[in-house]
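Residue numbers (my numbering), protein chains in the order written: chain A, 1 to 304; chain B, 305 to 719.
Hints are computed from structural coordinates only; laboratory data are not their basis.
Misleading hints may appear alongside valid ones.
[What the hints assert, rightly or not] Subject to a maximum C-alpha distance of 27 Å in a straight line, what follows is the list of computed BS3-like cross-link-like pairs (lysine-lysine):
1. A:196 / B:321
2. A:196 / B:320
3. A:161 / B:321
This one's a predicted model, so the numbers in the text were calculated from it and none came from an experiment.
Each chain, written out:
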Amino acid sequence: MAQLPPYTTTGERVWHYSFRVICGLIFLFLILPVLIVLPLSFNVEPYFSFTPGMLAFDPEAYSLRWYKDIFRNGMAAPDAPLSLAWFADAWNNAQWMRAIRNSFFIGICAMLLSTALGTLAAIGLSRSEMPYRRLIMSILISPMIVPLVITAAGMFFFYSKIQLSQTYLGVIMAHAILGTPFVIITVTATLVGFDKSLVRAANSLGAGPIQTFFKIQMPLIIPGVISGGLFAFITSFDEVVAVLFLASPEQRTIPRQMWSGIREQISPTILAVATLLVLLSIILLTVIELLRRRSERLRGVTPS
Amino acid sequence: MNATQPITAADGTPLKKKLAQAMFRSKLRAAGLVAPLLAFVLASFIFPIFALMWQGVHNNTFERLMPNLTEELRVWDGLSEPTEEMYTLLVADLRQNRADKTIGRVASRVNQELAGTRSLFTSTARKAAKLEPPYRDALIKTKKKWGEIKVWQAMKLTNQSLTPGFYATSLDAVYTVDQGFIMKEEKRQIYTKLFIRTLMISGSVMLLCLLLGYPVAYLLATLPLKYSNLLMIMVLLPFWTSLLVRTTAWIAILQSQGVVNDILVWVGIAADDSRFSLIYNMTGTIIAMTHILLPFMILPLYSVMKTIPPSYMRAARSLGATPTRAFIKVYVPQTIPGMGAGGLLVFILAIGYYITPALVGGQDGQLISNMIAYHMQKSLNWSLAAALGGILLGGVLILYWAYDRIIGIDNMKLG
Chain A
1 MAQLPPYTTT GERVWHYSFR VICGLIFLFL ILPVLIVLPL SFNVEPYFSF
51 TPGMLAFDPE AYSLRWYKDI FRNGMAAPDA PLSLAWFADA WNNAQWMRAI
101 RNSFFIGICA MLLSTALGTL AAIGLSRSEM PYRRLIMSIL ISPMIVPLVI
151 TAAGMFFFYS KIQLSQTYLG VIMAHAILGT PFVIITVTAT LVGFDKSLVR
201 AANSLGAGPI QTFFKIQMPL IIPGVISGGL FAFITSFDEV VAVLFLASPE
251 QRTIPRQMWS GIREQISPTI LAVATLLVLL SIILLTVIEL LRRRSERLRG
301 VTPS
Chain B
305 MNATQPITAA DGTPLKKKLA QAMFRSKLRA AGLVAPLLAF VLASFIFPIF
355 ALMWQGVHNN TFERLMPNLT EELRVWDGLS EPTEEMYTLL VADLRQNRAD
405 KTIGRVASRV NQELAGTRSL FTSTARKAAK LEPPYRDALI KTKKKWGEIK
455 VWQAMKLTNQ SLTPGFYATS LDAVYTVDQG FIMKEEKRQI YTKLFIRTLM
505 ISGSVMLLCL LLGYPVAYLL ATLPLKYSNL LMIMVLLPFW TSLLVRTTAW
555 IAILQSQGVV NDILVWVGIA ADDSRFSLIY NMTGTIIAMT HILLPFMILP
605 LYSVMKTIPP SYMRAARSLG ATPTRAFIKV YVPQTIPGMG AGGLLVFILA
655 IGYYITPALV GGQDGQLISN MIAYHMQKSL NWSLAAALGG ILLGGVLILY
705 WAYDRIIGID NMKLG
């Protein structure tokens with residue numbers, strides 16, 4: 001780390017290092033809860049706590065039991081020999097597998113819907129000639145701000161009336177709405193650095209608006225669009241209140257399954273799933289970071 | 305060219321008009337891009353919320369299901385003895401509801417106004433077919449309660465479809481039959497206390513986030529980029545991790561057999577048989593919510609601190625300020641926009657929190673959202689849920705408006 005200048009007093013030195021220690025503790029507070037689920041998910045006992053065996057690093061105290069349970073719980077014949085039929089059984093019948101399938105299906109559909117609509121809207125909103133810009137922006141961002149219980153309750157009544165509650169479409173629409181603010185925010189942020197004369201240059205060279213959009217604007221804002229899309233995906237993937245109000249057991253998602261797991265039968269399977277989710281978020285975070293760097297390079301912004 | 309003649313475009317129209325047309329077209333194009341999403345959000349988000357809010361002031365269950373009695377109840381003054389005519393109409397409506405199997409809804413609706421009347425309605429409706437005139441005496445004979453004026457007053461109140469009653473209940477008041485309001489006695493006030501607790505918990509979470517977020521954001525903003533990028537991962541990873549994963553993790557850490565208590569017992573601060581209860585109470589809610597919302601404080605603070613040139617602090621030092629004085633007088637005032645942005649965002653998000661309090665809050669860590677969910681799903685008093693939600697939403701919208709005014713929603717940044 002940076003060398004302290006020679007004129008610093010002892011008091012300043014003490015403060016400098018104790019400040020670092022305080023920050024270290026806060027970072028620990030931030031990261032520890034995310035990391036603690038990893039070792040606990042390998043517990044051989046059905047508890048949420050470290051057993052003496054685990055603390056002594058006894059290999060007997062660790063197992064993959066709860067990861068297997070993700071596949072086995074709910075299967076028709078979990079003890080059948082490992083074969084194609086076993087996998088088909090797990091894929092079709094295991095509760096967690098169904099939740100995983102549902103989460104990805106709903107998440108991807110919601111992501112596509114909110115990215116498409118949100119990107120168009122962000123492009124419109126970034127034009128200076130847009131009328132009522134501020135009002136419309138605040139309406140479009142509001143799903144992020146309105147308490148989820150109110151959103152979910154309102155949608156519950158409305159979607160019940162139009163026969164959309166307890167359907168995949170209803171959940172997808174609800175999640176798409178909740179995801180759009182993130183798409184708008186990230187795409188708008190990319191558009192701030194967008195050089196408008198590029199569009200004019202394309203126009204003057206004879207490109208139509210659609211060709212300009214796909215050939216000029218889109219390649220430049222695509223990193224923002226993708227990271228907005230990932231935000232929308234993770235929002236849907238992580239959302240449980242709307243699912244609690246709108247979904248039937250058929251549409252149970254991973255967070256919904258965890259919710260009832262925590263409330264009803266607390267088992268370390270939840271920790272195993274949690275570990276997988278942490279890995280997923282690390283992957284998504286890496287992708288976002290790479291996209292951000294690419295976007296900076298494309299727009300000629302060098303990291304300071 | 306004559307100076308008085310307007311400049312025209314190639315096709316002869318005045319240039320001014322042509323420009324206006326072009327401007328209008330580009331305006332239309334911009335609006336056209338926004339329109340699909342705006343329509344989608346208005347139709348399936350804004351409209352449902354308005355419909356929900358409408359339920360908070362309007363509930364026509366009684367009026368709709370008791371069509372005979374409703375007119376008579378409306379003209380009744382609410383104080384005089386109910387007439388035989390009213391009893392007759394009541395029996396007619398009870399019979400009809402029994403036949404339509406809607407009596408449960410009527411009974412629940414009146415029961416919301418006066419507890420303990422549910423069975424009065426359902427059991428009387430069962431016997432209504434056999435009752436014979438005079439109905440007043442017959443009804444009082446089946447259930448003595450029918451002679452009580454307060455049952456009739458409750459019916460008159462529920463008969464009023466457009467009512468401030470649910471908002472009154474949300475604020476621990478009673479809407480009375482003479483259209484006045486009476487505060488409930490101190491002991492029976494639950495909702496105002498819950499609102500105050502929600503504000504207090506959100507406020508504590510906000511302050512804790514500020515307290516923990518400020519040093520971290522400062523460190524991130526002042527370190528060289530190669531270190532700060534690495535440390536930023538520690539902020540962003542929790543931000544990207546599922547809410548339920550983090551809540552689960554806190555259960556594992558804070559429960560009585562959890563990591564923290566194990567360490568405290570091992571160190572000797574706590575005895576094995578009297579471990580601290582850190583979860584399923586307000587402490588658990590505050591700790592878990594602080595952790596979950598901390599990135600929302602750090603990110604705006606960091607982006608403001610990044611823009612503060614370090615030379616300002618050096619200038620203050622060279623002019624003779626002590627490090628503390630320079631920090632308080634020069635650095636902190638420049639970070640106020642970041643503190644405002646982060647603080648408001650954390651407060652807005654905390655005030656409507658539902659999942660974490662429901663899972664780790666126990667009894668005294670519940671927030672107003674949990675009460676709304678309870679009335680939505682368990683007690684099925686949807687109008688009361690809507691009224692409580694209306695107050696919560698009103699508060700959030702005021703904060704949102706303030707956020708837009710002070711910081712501007714265009715300046716919201718995520719990671």
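Hint check against the structure, violated hint numbers in rising order
Violated: hint 3 alone.
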